[in-house]
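*Asks:* Protein chains in written order, with numbering that gives the first Met the number 0: chain A, 0 to 343; chain B, 0 to 343; chain C, 0 to 326; chain D, 0 to 326.
Please note: incorrect hints may appear among the correct ones.
List time: in silico PhoX-like cross-link candidates among lysine-lysine, alpha-carbon distance up to 25 Å [unchecked claim]:
1) A/184 to A/238
2) B/11 to B/337
3) A/151 to A/238
4) C/194 to A/337
5) B/337 to D/251
6) A/11 to A/184
Here are some chain C residues the structure puts well away from chain A; computed CB gaps all over 10 Å [claimed, not checked]:
7) 107
8) 203
9) 278
10) 312
Note that these hints are calculated values from the structure, not bench results. Values in this document were obtained by computation on a predicted structure and should not be read as measured data. The C-beta atom is built at its ideal place from N, Cα and C for all residues, glycine as well.
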Amino acid sequence: MTEYVALDAQTKSLAFDHRELGLSDDDVRRMYELMLLGRRFDERCEILQRQGKAHFHISGQGQEAAQIGAALAFIPGKDWFHPYYRDLALLLAIGVPPRELMLGWFARANDPASGGRQMPAHWGYRPLNVVTASSPVSTQIPQAAGIAYAHKLRGEDAVTYVSFGEGGASKGDFHEGLNFAAIHKVPVIFVCMNNGYAISVSANKQMAIENVADRAAGYGMPGVVVDGQDMLAVYKVMKEAVDRARRGEGPTLVECKTVRLKAHSSDDDDRLYRSREEIQRLRAEKDPLVRARAYLLEQGLADDAWFEEIEKKIMEIVNDATDWAEAQPLPRPEDAMKHVYWDR
Amino acid sequence: MTEYVALDAQTKSLAFDHRELGLSDDDVRRMYELMLLGRRFDERCEILQRQGKAHFHISGQGQEAAQIGAALAFIPGKDWFHPYYRDLALLLAIGVPPRELMLGWFARANDPASGGRQMPAHWGYRPLNVVTASSPVSTQIPQAAGIAYAHKLRGEDAVTYVSFGEGGASKGDFHEGLNFAAIHKVPVIFVCMNNGYAISVSANKQMAIENVADRAAGYGMPGVVVDGQDMLAVYKVMKEAVDRARRGEGPTLVECKTVRLKAHSSDDDDRLYRSREEIQRLRAEKDPLVRARAYLLEQGLADDAWFEEIEKKIMEIVNDATDWAEAQPLPRPEDAMKHVYWDR
Amino acid sequence: MPVKSVLEAIHDTLWNAMEADERVLVMGEDVGAKGGVFRVTAGFLEHFGEERVIDTPLAELGIVGVAIGMALNGLLPVAEIQFADFIHPAFDQIVNEAARIRYRSNGNWECPMVIRAPYGGGIHGALYHSQSVEGFFTHVPGLKVVAPSTPYDAAGLLWASIQDRDPVLFLEHKKTYRLIKGDVPDGLFTVPIGKGQVVREGEDLTVIAYGMMLHHTLEAAERVALDGISVEVVDPRTLRPLDEDLILSSVKKTSKVLIVHEDNGFMGFGAEIAALIADQAFEWLDGPVKRLCGPEVPAMPYNDPQEHWFLPNPDTIEAAIRDLAAY
Amino acid sequence: MPVKSVLEAIHDTLWNAMEADERVLVMGEDVGAKGGVFRVTAGFLEHFGEERVIDTPLAELGIVGVAIGMALNGLLPVAEIQFADFIHPAFDQIVNEAARIRYRSNGNWECPMVIRAPYGGGIHGALYHSQSVEGFFTHVPGLKVVAPSTPYDAAGLLWASIQDRDPVLFLEHKKTYRLIKGDVPDGLFTVPIGKGQVVREGEDLTVIAYGMMLHHTLEAAERVALDGISVEVVDPRTLRPLDEDLILSSVKKTSKVLIVHEDNGFMGFGAEIAALIADQAFEWLDGPVKRLCGPEVPAMPYNDPQEHWFLPNPDTIEAAIRDLAAY
Ligand SMILES: Cc1ncc(C[n+]2csc(CCOP(=O)(O)OP(=O)(O)O)c2C)c(N)n1
Ligand SMILES: Cc1ncc(C[n+]2csc(CCOP(=O)(O)OP(=O)(O)O)c2C)c(N)n1
Ligand SMILES: [Mg+2]
Ligand SMILES: [Mg+2]
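Hey, can you work out the whole structure from these sequences and the hints?
*Replies:* Printed below as a string of C-alpha cells:
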C-alpha cells in the first residue's frame with residue numbers, strides 16, 4: 000500500500016522535471032533561494048550559540064529540501080502548520096519574517112513564538128497559523144488531527160501540516176493521532192522527517208521496519224516514502240497529498256528520507272555514536288543544496304553569477320535579522336507572571 | 000503480509016481436522032468440555048450479579064473458542080499469561096481451579112487474584128504465572144513485552160500470552176508495546192479479541208481498517224486474522240505463533256474475529272446501541288459451542304449421551320465452586336492497610 | 000424552579016450549551032449511541048448529529064490531544080473521560096500541553112476546553128472506578144479545576160467552564176449523580192469559577208469539603224448541632240483557582256478547621272488548604288489544622304467491608320468534628 | 000574517601016549495582032552508545048552489552064510499561080526518563096500500574112524497579128527541561144519518591160532504591176550533577192529510604208529543603224549566622240515515605256519553619272510538610288508556617304531575566320529567613 004517516490008534516484012540531480020509538476024523556472028529558483036536562506040539562517044544560529052548569545056541550537060541542516068518541498072505545497076495564510084523543531088526552512092518558506100524568527104534565538108521580549116519564554120526553535124506564529132510548539136516529542140500529532148477536524152466541521156478547505164521525526168513515530172501520540180485522523184478523514188498531512196537518528200538512537204533500534212510510512216496502512220490512510228533530499232520529489236508528493244486532503248479525501252502519512260548533518264543539538268556530541276566518515280559521506284552525497292544547485296545548472300536555470308548574487312542577498316537578510324533582533328529588548332522579569340490565565 | 004485463516008469457513012462446523020493439527024480425539028473432547036465450563040461458569044457469575052451476590056459481571060460468552068484454542072497452545076506452569084477481563088475460559092483451561100476463580104466474584108479474603116480488592120474478572124494467579132490485571136485498558140501490553148524480555152535475557156524459552164480487545168488496540172500502549180517487542184524479537188503473543196464493539200462503539204468508529212492484525216506489518220511482526228469462533232483454527236494459529244516465539248523468532252499479533260453475546264457488562268444496556276436481531280443472529284450463527292458440538296458429532300467423537308454427561312459434570316463443578324466460595328470469609332477492614340509497601 | 004439531580008443538571012446544561020453555541024461539541028468513549036456510560040449525553044447523538052457528538056476511539060491521550068487541536072482552531076470541545084481513573088494516559092497532553100499553551104506562547108494562543116471526569120467512590124468501583132484525581136491536577140498553573148457538589152453549582156459551573164477561555168478540568172462526583180437533587184433554573188446561567196460558598200454558617204469551627212463529602216459533612220454538622228456545636232461548612236466549588244479569601248475569613252471567624260476529602264491525605268488537596276491556613280491565618284488559630292481523608296493506600300478496595308472502611312462518612316466526620324471542638 | 004560529583008556518584012553506583020547483581024539493567028533513550036544525555040551511563044554499553052543497556056524507542060509509556068513487565072518477571076530494571084518533564088506520558092503506567100501492583104494483587108505480585116528522572120531548573124532548560132515533578136508523584140501510595148541532594152546520599156539512596164522491593168522514583172537535580180561534590184565511599188552502600196537528615200543544627204528556626212535548594216539554603220544559613228540567626232536545616236532526602244518524626248522534632252525544637260522548593264507552591268510538596276506541621280506540631284509553633292517556592296506559572300521561562308526571576312536563590316531564601324526570624 001505504501002508508495003515509494005524517487006528513492007532510487009541515481010542522479011546527483013533531481014528526479015522530476017519541475018515543468019511537469021506545474022512549477023515555473025522562477026518557482027524553482029525561489030525554492031533554491033529559500034533552502035539557502037534556511038541553511039544560512041541555521042548556520043548563523045549555530046554561531047550565536049557558540050558565541051554565547053543563545054543557550055541552545057538545534058539544526059535543520061540536511062532537511063531543507065523536504066521542508067521547502069513541503070512548504071510550497073501549502074497555502075500560507077489559509078493552511079495551518081504544527082511544525083517540529085528542525086523546520087526552520089519551512090517557516091521561512093511560508094513567510095515568517097526572518098527578523099521575527101531571529102527573535103527566538105535571542106529570547107527577546109517581542110519574540111512572536113513565546114516572548115523568549117521557550118527555547119529557540121519552539122515555533123509559533125499566529126498570523127500564519129503556525130501553532131505554538133512544545134518540547135515533548137509528538138504531542139502535536141493528535142493536536143493537528145483536532146485542528147483539521149475543526150476545519151472539516153466548519154466546511155473549510157484548509158489543510159494542516161504536522162511534522163515529527165522517526166523517533167517521534169514511536170510514541171503513543173503518533174498512534175492515537177493518526178488513527179483519529181483516518182477514522183474522520185480529516186485534512187491533515189503527517190510528515191515524518193526520517194533522518195535516521197533520534198539523538199543517538201539509530202532508526203533500527205527505534206523500529207523493526209524500514210519505513211515509518213508502512214504504518215499508514217494500519218490506520219487506513221495512504222503512506223508515501225519519498226527522497227527527502229529532492230525538493231521537487233517532495234513537492235510532488237506533498238502536493239498530491241494536500242490536494243487529496245483539500246478535496247475531503249482525508250489524511251496522508253508522508254515519510255521523507257532525510258539526513259541530519261549536524262549533531263542532534265548544541266548539547267550533543269555525535270562523535271559518541273557515529274563516525275566522522277558517515278558525516279563526510281552525508282555531506283558529499285546527501286546535501287540537498289548540492290543536489291538542487293546541480294539541477295538548476297543542468298536545467299540552465301542559473302549560472303555561477305546567480306548563485307553568488309543569491310548568496311549575497313541571503314547573507315544580507317540573515318545579517319539584518321541578526322542585528323535587528325539582537326538590538327531588541329529582553330523580557331522583563333515581572334512580565335513572567337503574565338498569561339497564566341486569561342483573566343489574571 | 001497479514002495471514003487470514005479459516006475466515007470464509009462455509010461450514011457450520013470447524014475448518015480443520017484436529018488430527019492434522021496433532022490433536023487426539025480426547026484433546027478435542029477436552030476442548031469442548033473446557034469451553035462448556037467457561038460458558039456455564041460465566042452464566043453462573045451473571046446470576047450471582049443479578050442476585051446481588053456480586054456487584055459486577057463481565058462476560059466472555061461468545062469468545063470461548065478463541066480462549067480455549069489459545070490456552071491449549073501454551074504450556075501452563077511454564078508460560079506466562081497477562082489476560083484481559085473476558086478470558087475466563089482461558090484461565091479455566093490453563094488450570095486455575097474453579098473454586099479459586101469463583102472467590103473473585105464473591106470478593107472473598109482468600110481470592111488469589113486480589114483478596115477481594117478488585118472487581119471480578121481482574122485476574123491474577125501467581126502459581127500459574129497469571130499476572131495481576133488492572134482496569135485501564137491495554138496497560139498490560141507493554142508489560143507483557145517486558146515479561147518476555149526477561150525470559151529472553153535469561154535464555155528461558157517461556158512464551159507470554161497477552162490479550163485485549165480491538166478497542167484496546169487504539170491506545171498508545173498497544174503501539175509502544177508491540178513496537179518494543181518487535182525490535183527485540185521477544186517471545187510474546189499479542190492476542191486481539193475483536194468482538195466488534197468497545198462497549199457501544201463499533202469497530203468502524205475505532206479504526207478505519209478492517210483488521211487490527213494489519214497493524215503488525217507496521218511493527219515488523221507477523222499478523223494473523225483467524226476465525227475466533229473456531230477453536231481448532233485458533234489453536235492452529237496460536238500453536239504456530241507460540242512455536243515461533245519459543246524458537247526465538249519473535250512476537251506475533253493474532254486477531255481473533257469473535258463476538259460478544261452479552262452486553263458489555265452488567266452495567267451496560269446494549270439495547271441502546273444494537274438491535275435484538277443482531278444478538279439473535281450472533282446466537283444462531285456465531286456461538287462457538289454450537290460449532291464445536293457440530294464438529295464432535297460430525298467426527299463421531301461424541302453422542303448425545305456424552306454431551307449430557309459432560310453438561311452434568313460441568314454443572315457439578317460450577318455448583319461446587321459457587322457453594323464453596325460463597326462460604327469463604329469476607330476480607331477484614333483492617334487488612335485493607337496491608338500490602339501498600341513491602342515493609343509496611 | 001425545577002428540581003434536578005446532578006446528572007440531569009449536567010445533561011441539560013451541556014444540551015443547552017450545544018444549542019446556544021455551535022462551537023461546542025462533546026467527544027469521548029460511548030458518548031454517542033449509548034449516551035455515555037452514565038447517560039450524561041443521552042439523546043445528544045440523535046439531536047446534534049455525529050459531527051458534534053463524537054464517539055472516539057478508546058484512547059484518552061488522543062481524546063485530549065485532539066480536543067486541544069480543536070480548541071486551538073476555534074471550537075469549544077467538551078471531552079468526556081469515562082472515569083477519572085482513566086485520565087492518566089492523557090496526563091501529558093493536559094499538563095504539558097493544554098495548561099501551558101497560553102503561557103508558552105506568551106498569550107498568542109489559548110486552549111478553551113473542558114475535560115469532564117466522573118470521580119469518587121462508594122459505588123463498588125474498586126481501585127479503578129473510584130479515584131479522586133484533584134490532588135494531581137490542582138498543582139498545575141494554567142489549568143482550572145472545578146468540583147461542584149450540587150445540581151445548581153454543577154449547571155452554573157459547567158456553563159462557566161465551557162465559556163472560559165482556559166482549559167478546565169470539570170470533576171463530577173459519581174455518587175452525587177443521582178443521589179443529590181436540588182433546584183436548578185431552566186436555561187443557561189453561570190456560577191463564577193474561583194468562588195467558593197459558605198454552605199452553612201457556624202461559629203465553633205469550619206469544615207471544608209466538596210463532592211460527596213460535602214453532603215456527609217452537612218449531615219454530621221446537623222448531628223453535632225443537637226449538642227450545641229456550631230459548624231460552618233465551606234464548599235470551595237473551584238479547587239484551582241481557590242477562593243482563599245473565603246476560606247481564610249471563615250477560619251479567622253471560627254479559629255478551628257477540619258478539611259475533609261475522600262482522596263488520600265498525603266499531598267491530597269487538603270494539604271494545600273491546610274498550608275494556606277497555617278501561613279495566612281496562623282494568628283487566628285485555636286487548634287491544629289485537621290484533615291480527615293481517605294487512607295494511605297493506593298486506591299479503594301472493591302469488597303464491601305473495605306470500601307466502607309476506606310471512605311470518610313457522616314460518622315467519622317462527626318467524630319472528627321467533636322474531637323476538634325473539644326480541643 | 001574519594002571526592003565525587005553527584006553525577007559520578009550515580010554513575011559509579013549504577014555500575015557497581017550492575018556488576019553486583021545480574022538482574023539489574025538500565026534502559027532509556029540514549030543510555031547506550033551516547034551514555035545518556037547527561038553521561039550517567041557512559042561506558043555501560045561497552046561493558047555490560049546491549050541486552051542490559053537498552054537504548055529504547057522514544058516512548059516513555061513503553062519504557063515504564065516494559066520495565067514493569069521486567070520487574071514482574073524477576074529483573075531489576077533502572078529506567079531512565081531523559082528529563083523529568085517527559086515522564087508525564089508514563090503517568091498511567093506509574094500511577095495506575097507500578098504503584099498498585101502489590102496492593103491490587105493483595106501482595107501476590109510486586110514491582111521492584113527504579114525510575115531515574117533528572118529534574119529541576121537553572122540550566123536554561125525552559126518550560127520543558129526544568130520541571131520539578133515531586134508534587135505529582137508524592138501523592139501516590141505504593142510509590143516511593145527519593146530526592147538526594149549530595150553525592151553521598153545519591154549513591155547510598157540509589158543502591159537502596161535498586162534493592163527496594165517497591166517501585167522508586169529517583170529524582171536527580173540536574174543543577175547538582177556537576178556542581179555539588181563530596182566524599183563518597185568506594186563500592187556499594189545504602190542510605191535508608193525514608194530517613195531524613197539534619198544537615199545543619201540550629202536553634203531559631205528550621206528550614207526544610209532538598210535538591211539544589213538545600214545548597215542555596217545552607218548558603219543563606221551561613222550568611223544569617225553572621226547576624227546571630229541560628230538556622231537548623233533539614234534535608235528530607237526521601238519525600239515519600241517522609242521522615243515525619245525528624246521534621247516534627249526539629250520544628251518542636253525551633254518553633255518556626257520555612258519550607259523551600261523550586262516547584263510552584265500551590266499543591267507543591269511544601270504543602271504536605273506545612274500541613275503535617277500545622278496538625279502535629281501546632282502547639283510548638285511560634286510563627287506561621289512559611290513556604291518559599293517557585294511562582295504560580297506553568298513552568299520556568301527560558302530567557303535569563305525570567306529564569307532568574309523564577310528560582311528561589313540564596314538571596315530570596317536569606318530574606319525569607321530574616322522575615323521569619325523577626326516574626
Ligand atoms: C517525550 C519526549 N521524550 C524525550 C525527549 C528528548 N528528545 C528531544 S528530541 C529527541 C529525539 C527525537 O528524534 P526524532 O523524533 O527522530 O527527531 P530528530 O531530532 O531526529 O529530527 C529526544 C529523545 C523529548 N523532547 N520528548
Ligand atoms: C483506559 C481506559 N479507558 C476506558 C475504560 C473503560 N472501558 C472498559 S472496557 C472498555 C471497552 C473495551 O473494548 P475492547 O477493547 O474492544 O474490549 P471488549 O470489552 O470489547 O472485549 C472501555 C471503554 C478503561 N477500562 N480503560
Ligand atoms: Mg530522527
Ligand atoms: Mg471489543
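*Asks:* Give me the numbers of the hints this structure contradicts, sorted from smallest to largest.
*Replies:* 2, 5, 6 and 7
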